[in-house]
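Q: Residue numbers (our numbering), protein chains in the order written: chain A, 6 to 478; chain B, 290 to 656.
Hints are computed from structural coordinates only; laboratory data are not their basis.
It is possible that some hints are incorrect.
As the list claims (entries may be wrong) - Where chain B lies over chain A, by a calculated footprint (3+ residues, C-beta under 8 Å): (1) 105-115; (2) 139-149; (3) 188-199; (4) 221-234; (5) 253-263.
Claimed, not checked - Partial list, derived from the structure: chain B residues whose beta carbon lies under 7 Å from chain A: (6) Asp400; (7) Val403; (8) Ala497; (9) Ala498; (10) Gln502; (11) Leu550; (12) Thr585; (13) Gln587.
Predicted model only: the values in this text are computed from it and were never measured.
By construction, the Cβ of each residue, glycine as well, lies at the ideal position given by its N, Cα and C atoms.
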Amino acid sequence: MFDNLSDRLGGVFKRLRGKGRLTQADVDEVMGEIRTALLEADVNVGVVRNVVERIRVQAVGTQVSEALDPGQQIIKIVNAELIAMLGGETLKITYASHPPTVVLMAGLQGSGKTTSAAKLAAWFRSQGRNPLLVGADLQRPAAVEQLRVLGAQIGVPVFSIAGDPVATAAAGLAEAQRLGRDVLIVDTAGRLAIDTEMMQQVADISKVVSPHYTFLVVDAMTGQDAVTVAKAFDETLAISGVILSKLDGDARGGAALSVKEVIGKPIAFAATGEKIDAFEQFHPDRMASRILGMGDVLTLIEQAEKVFEKDQAEATAAKLMDGEFTLDDFLDQLQQLKKMGSLSSVMGMLPGLPKEAKDAQISDDMVKVTEAIIRSMTPEERRKPEIINGSRRTRIAKGSGTQVSDVNKLVKQFSEMQKMMKRMGGAGGKGSGKGGKGSGRGGLGAMFGGPPGGIPSGDIDLAAALGSRLPPR
Amino acid sequence: MNNSSLPMIFLLLAVAGLVFGIGVVAISRRKARAVPQIQRATPVAPVVTPAASVIEVGGVVEAVAAAPLSVRDRLAKARSSLSGAVGSVLGRSEINDATWLELEEALLRADVGVRVAQSLLGALQTRVKAKEITTPAQLIDALRSNMSSQLVGTSRDLNFEANLDGPNIWLMVGVNGAGKTTSLGKIAAQQIALGRTVLMAAGDTFRAAAGEQLSTWAERSGAQIVRGAEGGDPSSVIFDGVQSAHSRNIDLVLADTAGRLQSNTNLMEELRKVRRVAEKGAGKVTEVLLVIDATTGQNGLQQARQFTEATQVTGVVLTKLDGSAKGGIVFAIETELGIPVKLVGLGETIDDLVLFNPTEFIDALFE
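Isolated chain A, as found in the complex:
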């Protein structure tokens, strides 16, 4: 897949190492890499142009510290800029004083409106509200049926009548009032932004229900067209926010940035999985590092928080650092890790992993095999794998239905991991513990050679070089 920005800039600065002063061409190259990274993340061309210019200006305005390497500094600037762009005012849902609070869903075909409508309904329920779903997508065969099935799953009633979508929406509003539901979510048919007739229809629906919130559902995989679509829908419907769907894939999701920049409306929610509760309020900071391809460590930590007991996690970390980590602990860890979701999704969130690791296909079946091998060992063998001799190996292999070579490999890998952990524990462990998340990240990066580090920066006059590109003020 694409290189992340950190790798890209790492490559540039490696070549620039030892250079006394950055030339204009060097600066252009740095900006070029940022541009490419953003374009590969599907950020709109026009938006990229503006962003890169703003980053250039900011890079100049920032005091370049001698202690930090320039690559990391640039990344910090880019990251901060993206967060600022994605964030700004967040959408806070306030409920109508005369219920129901009406929510209208709109978007292209296949963007995920119906699923998002149901997920949003589930979210409202979790906030203690009583939503009613209205199926006004009478275009796609069985769209209402889909909504009805999803509604039944989450315990939210669904209303729809055959015929006219506008009439359905109006009747839905009356039904919500009759039933005393305090939130009304209207699902509409997918439509192309350039289809004037269909855009008129959704405008009519909007008129009869006068929504408090109109959400545009945007597929995270959308390319350059996201901007055109968002503009058209915003002009017709006055969008109040965006729901970013299918964010559980490996798309960088630059569309989020483009849409936010062009229509200036916040990304309110993100759909992060197939399950109905895989739906959360949007986090600009995580999206920024995702767009730059730098992992999503915050989400990972949050998920870990949910499944791991804090004390246990601390104890495990300490054991790891001290090299007292046994195969039993490892097995335990595997169980916990499994609760966090599929291994591949966990991998995807880790920053600074080498390319080979990201590309490697890690299936959950392999965990099963690993578990089987460890479970076929005696408690003593798990504590001291070095006692495993030929006959024990054969027994373990038989017990777990694997080959002797598999057992060998596991034991060998485990001892290597122990060594590595000991080394890390000795070098950076204590610092990481005190310094918190930031230094933790650095430690990991250093471990895997991710973000470029250790480039002497004093000899690169970044600010001066960047300044030379600016028009005289």
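Given the coordinates of chain A, assemble chain B onto it according to the supplied hints.
A: Chain B in isolation, oriented as in the chain A frame:
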């Protein structure tokens, strides 16, 4: 077990161990709060849908067919920042930096991707330097013909083997919302119009009401349909479909599958199995069609890679090209991965799914 991947598990665990260890410590210190054991809110007692308020939608609005437009007309409708750039490039008397920038941005706007755009323009830059190309008009022509030459020469016919013992099986795959079920319905209607007998296998057992959606298409097109239970095993539904088609002497099985994101290893594994099991009976998979939405950006290339790896994709169906999106990513898919675009969706009616014509596709971009 996959040997090379074993170390990766350890690597992953090591990292994950550290991340959560350090992360939890950091967060708990920073916020000085207990670790919440949040159970995602799942409603315990589902409210029974009030029967009176639900009225099943009986009739489905049939999209009204307007007078058929040519592919070119329709693409022109959504045309085209590229043509805008072309106008601007042609308006200059010489080829300069702005020319290159405009052309590059135009290609990028069409979603062809940075790498493809740069390689297309890089080749031309060499020729401009060598004075082979001197005027903007020549440059545009050269770009157009370079792009065309990379697309023509591939067979785009849907592969149907007439002399098989069992049915031909065409498998539809793709991410969620790309338009698999709709495309399948349209292909069924077209194949039936060609005089073939068609059976649909409703292999999307995951999405709520996907089976109903396909049933509607079966009724419309006069195809037969085999459905399984919602949440059932898609492989067995498709296998049953193939067996049933064989016993009824049906020519073609169109197998639908649930949309899935290519990064979901387990679901891709399921798809691999679907393809394998589909051929366990009498039939043969003669076409695996990857359905890609024209609005898809650079992720489309990754989709094509992963789906091909799992199911040996034989062709691309590019849907929703009647919108404002250009679908340029299929140019990258075809030139970089060698997977031909076979069908293009230009609207809602059955006739709007047409054979991909590369010359018209590119011409429309340049007009």
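Q: Are at least 3 residues of the stretch 139-149 of chain A within less than 8 Å of chain B when you compare beta carbons?
A: holds (count 8)
Q: Should the interface hint for glutamine 502(B) be scored as holding, given a Cβ-Cβ cut-off of 7 Å against chain A?
A: holds, 4 Å
Q: Taking a Cβ-to-Cβ distance below 8 Å as contact, does the stretch 221-234 of chain A have at least three residues touching chain B?
A: That given contact holds, which follows from 9 residues of the stretch 221-234 of chain A lying within Cβ reach (below 8 Å) of chain B.
Q: Hint validation: leucine 550(B) versus chain A, beta carbon distance must be below 7 Å. Holds or violated?
A: Holds, about 4 Å.
Q: Report holds or violated for the interface hint on alanine 497(B), using the least CB-CB distance to chain A and a cut-off of 7 Å.
A: holds, 3 Å
Q: Under the criterion of a CB-CB separation shorter than 7 Å, is alanine 498(B) in contact with chain A as hinted?
A: Check passed: Cβ of alanine 498(B) comes within 4 Å of chain A, closer than 7 Å.
Q: Just to make sure I understand the rule, a stretch counts as covered if three or more of its residues have a C-beta closer than 8 Å to a C-beta of the chain. Does the stretch 188-199 of chain A meet that for chain B?
A: holds (count 3)
Q: If you look at each residue in the stretch 105-115 of chain A, do at least three have a Cβ nearer than 8 Å to any Cβ of chain B?
A: holds (count 3)
Q: Holds or violated: is the Cβ of valine 403(B) closer than 7 Å to a Cβ in chain A?
A: holds, 5 Å
Q: Verify the interface restraint on glutamine 587(B): the C-beta must sit less than 7 Å from at least one C-beta of chain A.
A: Hint on glutamine 587(B): holds, closest Cβ of chain A at ~5 Å, below 7 Å.
Q: Checking hints one by one. Is threonine 585(B) an interface residue toward chain A, by the C-beta closer than 7 Å rule?
A: OK, holds: threonine 585(B) within 7 Å of chain A, min 5 Å.
Q: Would the stated hint for aspartate 400(B) survive a check requiring a Cβ distance to chain A of less than 7 Å?
A: This hint holds: aspartate 400(B) lies near chain A, its Cβ roughly 4 Å from the closest one there, short of 7 Å.
Checked against the numbered hints given earlier, this structure breaks none of them.
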